[in-house]
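Asker: Take the given structure of chain A and dock chain B to it, following the hints.
There are 2 protein chains.
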Amino acid sequence: MYLAKIYVTLKPTVNDPQGLTIRGALKTLGFDSVVDVRAGKYIEIKLSGDSLDAAQQTVKEMCRQLLANPVIETYRFEVQETAQPGPQ
Amino acid sequence: MYLAKIYVTLKPTVNDPQGLTIRGALKTLGFDSVVDVRAGKYIEIKLSGDSLDAAQQTVKEMCRQLLANPVIETYRFEVQETAQPGPQ
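Going down the list, the protein sequences come from chains A and B. Just so we're on the same page, our numbering is the position in the first sequence counted from 1, plus 77. Just so we're on the same page, our numbering is the position in the second sequence counted from 1, plus 77.
Please note that a few of the clues may not be correct.
A pair counts as met if it fits within one copy or between any two copies, since identical chains are not told apart.
Unchecked claim - Dumping the calculated DSSO-like pairs for lysine-lysine here, alpha-carbon to alpha-carbon at most 27 Å:
(1) K82 / K137
(2) K104 / K82
(3) K137 / K104
(4) K82 / K123
(5) K123 / K104
(6) K104 / K118
(7) K137 / K118
(8) K88 / K118
(9) K137 / K88
(10) K82 / K118
I should point out that these hints are in silico values taken from the structure, not numbers from a laboratory.
Looking at chain A on its own, in the form it has when it is part of the complex (with noise of 0.2 Å):
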């Protein structure tokens, strides 16, 4: 069993108007020293697999045909292996 954290956050140039406004919400609230904020998603997937470089190449696929939209998207992520292989 494999546990993936994956990373998906909107490129740089990309306008993100979800970080816009946590940034004036943090402003409003006196955190004066917010510079700047980039909103994105945090995903974990539980898989099960053969090896880790499996899982790796399964969580690869998976960014790339359903998490990440490649026009305005960049994912990183990590897989680790997991002790117990029933439910959480």
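Answerer: For chain B alone, kept in the frame of chain A given last:
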């Protein structure tokens, strides 16, 4: 200048419809090895500050006051110093 990377996830007992939807979509695409999917938020914040300690304290307050809903979410973050003080 500091860069904070913040990960906000739903608590394990909280229902995650977004994660279930992603899981369903992955299964439909043929990724039969998927066992579980949890969706969360990933936020990058650039902030100024006098010290790493102060920046960490500020980010913790941001999480408590705005970024995470303590009823259903947990958060973790890491803060690192960045070289350039100018805009990205």
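Asker: Which constraints among the numbered hints does this structure fail? Numbers only, ascending.
Answerer: Of the numbered hints, all hold.
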